[in-house]
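Taken in order, these protein sequences are the chains called A and B.
FYI, the numbering for the first sequence is 1 to 120, going by this note's numbering.
FYI, the numbering for the second sequence is 1 to 120, going by this note's numbering.
Note that these hints are calculated values from the structure, not bench results.
Among the hints, erroneous ones may be present.
[As the list claims (entries may be wrong)] Residues of chain A clear of chain B, computed beta-carbon distances all greater than 12 Å:
#: 1; residue: 20
#: 2; residue: 50
#: 3; residue: 118
[Unchecked claim] Quick look at which bits of chain B chain A covers, simulated, 3 or more residues with Cβ under 8 Å:
#: 4; segment: 78-89
#: 5; segment: 105-118
[Said to hold, decoys possible] Some residues of chain A that are not near chain B, with every Cβ distance over 12 Å (derived):
#: 6; residue: 8
#: 7; residue: 24
#: 8; residue: 57
#: 9; residue: 62
#: 10; residue: 86
Glycine is no exception: its CB is placed at the ideal position from the N, C-alpha and C atoms.
Number of protein chains: 2
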Amino acid sequence: MTTLELAKDFTNILRTGDHEGAAAKYNSDSIASYEAMEGPMAVCRGKEEVRAKGDWWQANHEVHGASVEGPYVNGEQFVVRFTMDVTPKATGQRITMDEVGIYTVQDGKIVEERFYYLET
Amino acid sequence: MTTLELAKDFTNILRTGDHEGAAAKYNSDSIASYEAMEGPMAVCRGKEEVRAKGDWWQANHEVHGASVEGPYVNGEQFVVRFTMDVTPKATGQRITMDEVGIYTVQDGKIVEERFYYLET
């Protein structure tokens, strides 16, 4: 499977809203995940830790709508843009999140994901 | 100047359509530029070579409209998304280009730019 094929399938799974399924299928056991913000989950290492971060996020946000654009591909990397209409339960304030993820592929698995947030 | 400040100013200059001015202001003398496609300009090294690539692009495309989204920021990197309504003079076929650039900053200058194209 080429990076392009992986990127397309991964992005198509994300479009269905199944982030957990996409990660389960393609994340490497040794994936490193980097958020843009500081905090205890700024860097997660390993498929299980990344899955736990996703579970935390799902439990703490109400998602009203989402869009996925991509994949944008260059070599062993691809980019996906996410816009999400969400209410973080901590604040109760409905917001639009706009971010991109850059994914790096090795041997048919995602070994790194790094997220960038829109600054306005 | 922080990476965030640089990213915002660079992106604001791009929004005015002045790609050459943005590059002149912020590209490092030793910038490396990576396109997604194969070809003689797949990798350009140095501010002058990158400027020459830009000149070639301008001379060979008619731009009908463009939009710039970003910057998306994480640490010393930022991402800009470009959509362009253009006619490449070689084909005469009007197309929409949709791509992202990932920029890496060191010491207040852009030392790497890498472009990713939307695959549909």
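Failing hints, ascending?
3 and 6
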